[in-house]
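*Asks:* If you read the protein sequences in the order shown, they are chains A and B. Everything in the first sequence is counted per this note's numbering, starting at 3 for the first residue and increasing by one. Everything in the second sequence is counted per this note's numbering, starting at 177 for the first residue and increasing by one.
Hints in this document: simulated from the structure, not taken from any laboratory.
Partner residues are not named here, just some residues of chain A that face chain B (Cβ under 7 Å, in silico):
#1 Thr236
#2 Val394
#3 Met405
#4 Leu430
List time: in silico DSS-like cross-link candidates among lysine-lysine, alpha-carbon distance up to 25 Å:
#5 B:Lys202 x B:Lys284
#6 B:Lys335 x B:Lys284
#7 B:Lys548 x B:Lys335
#8 A:Lys442 x B:Lys284
#9 A:Lys168 x A:Lys451
#10 A:Lys28 x A:Lys118
#11 B:Lys335 x A:Lys442
#12 A:Lys118 x A:Lys168
#13 B:Lys750 x B:Lys643
#14 B:Lys339 x A:Lys442
#15 B:Lys339 x A:Lys451
#16 B:Lys548 x B:Lys643
#17 B:Lys335 x A:Lys451
#18 B:Lys232 x B:Lys381
#19 B:Lys284 x B:Lys339
#20 B:Lys339 x B:Lys788
#21 A:Lys451 x B:Lys284
#22 A:Lys118 x A:Lys25
Over 12 Å on every C-beta distance to chain A, these chain B residues come out as not near it, computed from the model:
#23 Phe180
#24 Ile462
#25 Ile622
#26 Phe733
#27 Arg771
#28 Gly835
All C-beta atoms, glycine included, are put in the ideal place defined by N, C-alpha and C.
Residue strings, one per chain:
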Amino acid sequence: MLTLLLALVLVPSAGAFVCYSLKGRKSDLVPAILAGLTFILGMVATIRGYPQRRELFLGVPWIQWMGTELETSHFGFLIDPLSSLMLIVITSVGLFVVVYSTEYVSPRNRDHAFEKPVGNYYFWMLLFIGSMIGLVISPNFLQLFFFWEMTTICSWALISYTREEKALFGGFKALIMTHLGSLFFLAALALLFVRAHSFSFSALDSLDPGMRLTVFILLLVAAWSKAAQIPFFTWLPDAMEAPTPVSAYLHAAAMVKAGVYLIARVAVSNTLLPYEAGLVLGVMAVATMILAVIQYFIQDDLKRLLAFSTIGHLGYVLFGVALGILGSATGFGGGVLHIINHGYAKGLLFLSVGAMAYATGSKSIRELSGLGRKMPLASAAFVVGLFAVTGVPPLSCFWSKIMIFAGAFELGGGTGFALGILAILESLAAFAWYLFVGHKIIFGEVSPKVALAMADPPMAIDGTLIVLMVLCLAAPLIGYPFIQYLSVGCFG
Amino acid sequence: MINFLYAAFMLLVVGAIIVAAISRHKEACGWSALGFVSAAAACLLYLAAYVFLVGKIRAEGLLSLHPVIGTSLSIEIDPLSALFLIIISIISFCVTLYSITYIRHYEKESLLRYYPWLLLFFASIVGVVCMTDMIFFIIFWEIMTLTSWALVVYERENKESLKAGLIYFIVTHLATGCLILAAVILYSYTPGPSFRFEDFRAVLKTQQIMNPALVHGILALFFIGFVTKASTLPFGFWLPLAHPVAPSSFSAVLSGVMIKAGIYGIVRLFCTILPISGSSQTWGVIIALFGTFSIFIGTMSALTQDDSKRLMAFHSIGQVGYMFLGIGAGFYFLPVNSALAAIALVGGLFHMINHSWFKSCLFLNAGSVIYKTGTRDLNQIGGLFRLMPWTGITALIASLSISGIPPFNGFASKLLIFESSIIAGKQVGATILARGLFVILGLAAIFISAVTLASFLKFINSAFLGKLRGVEETSRSDVPRSMQIPQGILALLCVLFGVVPLLPITMVHKAISGALPVGLCPAFASLFGNVWPGISLNFGMGRVSGVWDPLWMIMAFLILVGVVSFVARAGGAKVREVETWYGGLQHLPADTAYRGHSFYRPFKQIFTFHFKGIEFRGLYPTTFPRPRISMPQGVRTFLSLDQWFYYPLGHLFMRLTRGLARSHTGHPQMYLLWIAVGVILVITILLYFPGG
Numbered sequence: 003m004l005t006l007l008l009a010l011v012l013v014p015s016a017g018a019f020v021c022y023s024l025k026g027r028k029s030d031l032v033p034a035i036l037a038g039l040t041f042i043l044g045m046v047a048t049i050r051g052y053p054q055r056r057e058l059f060l061g062v063p064w065i066q067w068m069g070t071e072l073e074t075s076h077f078g079f080l081i082d083p084l085s086s087l088m089l090i091v092i093t094s095v096g097l098f099v100v101v102y103s104t105e106y107v108s109p110r111n112r113d114h115a116f117e118k119p120v121g122n123y124y125f126w127m128l129l130f131i132g133s134m135i136g137l138v139i140s141p142n143f144l145q146l147f148f149f150w151e152m153t154t155i156c157s158w159a160l161i162s163y164t165r166e167e168k169a170l171f172g173g174f175k176a177l178i179m180t181h182l183g184s185l186f187f188l189a190a191l192a193l194l195f196v197r198a199h200s201f202s203f204s205a206l207d208s209l210d211p212g213m214r215l216t217v218f219i220l221l222l223v224a225a226w227s228k229a230a231q232i233p234f235f236t237w238l239p240d241a242m243e244a245p246t247p248v249s250a251y252l253h254a255a256a257m258v259k260a261g262v263y264l265i266a267r268v269a270v271s272n273t274l275l276p277y278e279a280g281l282v283l284g285v286m287a288v289a290t291m292i293l294a295v296i297q298y299f300i301q302d303d304l305k306r307l308l309a310f311s312t313i314g315h316l317g318y319v320l321f322g323v324a325l326g327i328l329g330s331a332t333g334f335g336g337g338v339l340h341i342i343n344h345g346y347a348k349g350l351l352f353l354s355v356g357a358m359a360y361a362t363g364s365k366s367i368r369e370l371s372g373l374g375r376k377m378p379l380a381s382a383a384f385v386v387g388l389f390a391v392t393g394v395p396p397l398s399c400f401w402s403k404i405m406i407f408a409g410a411f412e413l414g415g416g417t418g419f420a421l422g423i424l425a426i427l428e429s430l431a432a433f434a435w436y437l438f439v440g441h442k443i444i445f446g447e448v449s450p451k452v453a454l455a456m457a458d459p460p461m462a463i464d465g466t467l468i469v470l471m472v473l474c475l476a477a478p479l480i481g482y483p484f485i486q487y488l489s490v491g492c493f494g
Numbered sequence: 177m178i179n180f181l182y183a184a185f186m187l188l189v190v191g192a193i194i195v196a197a198i199s200r201h202k203e204a205c206g207w208s209a210l211g212f213v214s215a216a217a218a219c220l221l222y223l224a225a226y227v228f229l230v231g232k233i234r235a236e237g238l239l240s241l242h243p244v245i246g247t248s249l250s251i252e253i254d255p256l257s258a259l260f261l262i263i264i265s266i267i268s269f270c271v272t273l274y275s276i277t278y279i280r281h282y283e284k285e286s287l288l289r290y291y292p293w294l295l296l297f298f299a300s301i302v303g304v305v306c307m308t309d310m311i312f313f314i315i316f317w318e319i320m321t322l323t324s325w326a327l328v329v330y331e332r333e334n335k336e337s338l339k340a341g342l343i344y345f346i347v348t349h350l351a352t353g354c355l356i357l358a359a360v361i362l363y364s365y366t367p368g369p370s371f372r373f374e375d376f377r378a379v380l381k382t383q384q385i386m387n388p389a390l391v392h393g394i395l396a397l398f399f400i401g402f403v404t405k406a407s408t409l410p411f412g413f414w415l416p417l418a419h420p421v422a423p424s425s426f427s428a429v430l431s432g433v434m435i436k437a438g439i440y441g442i443v444r445l446f447c448t449i450l451p452i453s454g455s456s457q458t459w460g461v462i463i464a465l466f467g468t469f470s471i472f473i474g475t476m477s478a479l480t481q482d483d484s485k486r487l488m489a490f491h492s493i494g495q496v497g498y499m500f501l502g503i504g505a506g507f508y509f510l511p512v513n514s515a516l517a518a519i520a521l522v523g524g525l526f527h528m529i530n531h532s533w534f535k536s537c538l539f540l541n542a543g544s545v546i547y548k549t550g551t552r553d554l555n556q557i558g559g560l561f562r563l564m565p566w567t568g569i570t571a572l573i574a575s576l577s578i579s580g581i582p583p584f585n586g587f588a589s590k591l592l593i594f595e596s597s598i599i600a601g602k603q604v605g606a607t608i609l610a611r612g613l614f615v616i617l618g619l620a621a622i623f624i625s626a627v628t629l630a631s632f633l634k635f636i637n638s639a640f641l642g643k644l645r646g647v648e649e650t651s652r653s654d655v656p657r658s659m660q661i662p663q664g665i666l667a668l669l670c671v672l673f674g675v676v677p678l679l680p681i682t683m684v685h686k687a688i689s690g691a692l693p694v695g696l697c698p699a700f701a702s703l704f705g706n707v708w709p710g711i712s713l714n715f716g717m718g719r720v721s722g723v724w725d726p727l728w729m730i731m732a733f734l735i736l737v738g739v740v741s742f743v744a745r746a747g748g749a750k751v752r753e754v755e756t757w758y759g760g761l762q763h764l765p766a767d768t769a770y771r772g773h774s775f776y777r778p779f780k781q782i783f784t785f786h787f788k789g790i791e792f793r794g795l796y797p798t799t800f801p802r803p804r805i806s807m808p809q810g811v812r813t814f815l816s817l818d819q820w821f822y823y824p825l826g827h828l829f830m831r832l833t834r835g836l837a838r839s840h841t842g843h844p845q846m847y848l849l850w851i852a853v854g855v856i857l858v859i860t861i862l863l864y865f866p867g868g
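Bound-form chain A, shown alone (with noise of 0.2 Å):
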């Protein structure tokens, strides 16, 4: 088992260093098959894994001057649902999204045409899911933070990519307010560090309660920055410059949910958390919806519209880990399916707005529409995506949401009912917008942009739009049996 988890981090960071230098055809299909045996090894781990909890260590101390009787001082490895869970996601996802770049990201793309040699690119995306990989199988807070910052770098390389002004700005920007949140990181691993004496996950519960609060804020306001909610969303729309099939795997599906994932690990393993932190927690996830929503209607930008959607929906999960924390296990399963459900949605929707502008070269409303008649796949991929990402039965965000309503109001209370209501008011508007951005795009007479457009992509971009939409379909089912042990062992 330990080779195992070894070998998951090992082979995507190493197989990047291999990629960099790649020419021609190899180029394209070596990262493939990396991400491809990736993906394989993080399935054995996680079937493997189900569904105890274990830790398992190297016997090398790595950080040697900090004690040697300190356990964080031997790196390691946890693996335990939560992180089955992420594992699934950032493995599958992270297939997809390199079979899918080896086609969208080449000189046949409309919208953006990528010279070769593109070597460069899978170094920074193979390397993201090692370190993607490593976070979220860390067993404490200090190793977690090593992968949290390398995922920060390769965020920053690959927005960047293109090296146009507005890319160069948003990677950087990007770069700077992450960073400003692991400012906050370092802090409460200072903080733990001399209060503690631990880097444990359940450290927190030996602090006395005021310092508590201060940790689980200073992690929060990271774990904030991370997943861009309040005040640290503007970096995200701005990162859209990235191309699609990083906005669709970094800032979809993973490397934003690093930071939910860092506050649903802390709510998993501390059984002490105050409800101030709950209540801070689930205030500022609400919020953050109600402000995501608004912001949608002034979007004429496709992915802008889909970033403003992502911070909603990880506003969605932090509602259901705050839910956790005061009291609900339905809230807590919810907010943690929402995780899985989410990826999937969220993926689908960016790379099939990619096909569309890979075929149209434009990503503006405005200039878009009639897709359905020229583009059947890809439009038939959006309307699948924008219905999962909505909630609509039995597609897959319908299902962890209804778990977090039902946690909000199973609190009860003016504060569950007012948030509660807030979200479900939040699922409605953003369902009424989808769908009319939906018919904008995809009914109607073809505009003279989708005119001149190519029919359908090749088969990597439709394969995995194919792949994408089955899944939104039976997220739920891989998530439950996750879920399941989760909210019933720590909040049941």
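Position chain B against the provided structure of chain A, taking the given hints into account.
*Replies:* Chain B only, in chain A's frame:
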């Protein structure tokens, strides 16, 4: 036994997949869809028969999500659900048969977007009426909305279809939002916690006493959710937009089946989930009021319509109002006079079944007209009876049924509703206000019955009578047989249910008594009499209050017709055919044609007015104010956090660093000075603080 339900469901779902796979071969696709639907309909009819004859069927905890969330797939088919299964099976069969040739009208559109959605729609509505767990009810409810939306926007390039589909889906989704809110509020009060209907009932029972405002709030949310789907005004404004643009076969399903899902929700809520009490009385009045409002406005505005399907859509709104009038009166009088209440409820639900038959038949007729002439506009067609006699006859039967003309089925159900609301005026157990109100509502309903007849006279006259217009003489055949048969079946059912009303009334009575708590509904014989073939109504006031024996009346009528025609034949009256006389003026045939828009001009002139920038024709707004979404500049500035916080902060930081950079002058002397100062400072600190 429940395997028949699973079989029907699987047939429809698997059928949808198979039909999607073979959608390129239009004939094969249509016939295989019919095969799957017929098999499923047979299973459902068998199931319904079993439930009526033997008893209800239950299956619990099939897919349990406990303990993560308190819901599990639980099925219960009681006679009320069985009633709906009968409607679903017959209408689905008729519509699928009709679609096989009708869909040729849409040459440009692919069948991939028609049959699979149609079959999934039937599967979802079967699910809706069989669930006893709220989450799964909502799931099937939304799948029903999703599949019907896909079919409303079937003509993808038609702007009207798209606009109708968008409004329809958003409005019904908002209604579902209300349902979800009500469900989770009730869920939070259940001890389980649980989403089961029985547990909701227990919660409402206790909360009715402790927190009646909460109960009324929950009921209001459920009411909005169900009434929007059942398209009662003012929530049902989506219906006149959506029904005309859908393919006619699906319009028949929308009006005949989907609206009934809203009525099922209301009846299930107030009979099974809510314990009978003062709240059900209050809501009975509210339902009846909204119903009568729909009857009035819906049917009045139907008089001004020239689009055949829009006309029928408005009538759907009106007829649903009748059903709600009966149902509302029933709920109000349940604690007061259970016989009256039972008859009113039976009247409402019986009208619902009848409406399915005649409205679906009417939409199929309109579809046949469209198939032949290519247009929905009543002003452009005429005299089609010569070409389409079968369609004409079935349209006539259905029109007379909807207008409540004996001996058809509409009369039988409307009789029950009218009698209940008028006799409500004599119930001493209710307040004067309520009695007066129901009498007034009944009078309005009776008046609108005449207006319905007027409106359908317009339809029949414009489409079928007069000179042939709108289609060439050469195409001298009626619509294909596969379109004639469903129309015939439905018209036959209208006649049958009208001539022998006792059988359907028995079924409806069984459904009501099964849904209500035990003992609340009087026995059938005491309400409707035991004498076959007619019904004699007994409102529990010691005597029979109304008798309707259609068979005797038909016999009398036939005898009279026979006598008159014998006399005419024996007298040798000659029949002379001449040209129509138009006062001797020179005219073109087009000038003197009495088209659709010529009907009821005085009425249109009276009821057309402007109010606050919206034009009302026949009491219904023709233009909706477009919602303007604009954000005030202050909010926009606040939202762009970059502009007033981050970028200024960044600039400040840059200014600070530039200021600090000035300390790097490049002269070595400056740096030596810094070093000296720094060393002195460090030594001072180390010496000053102890332990250094």
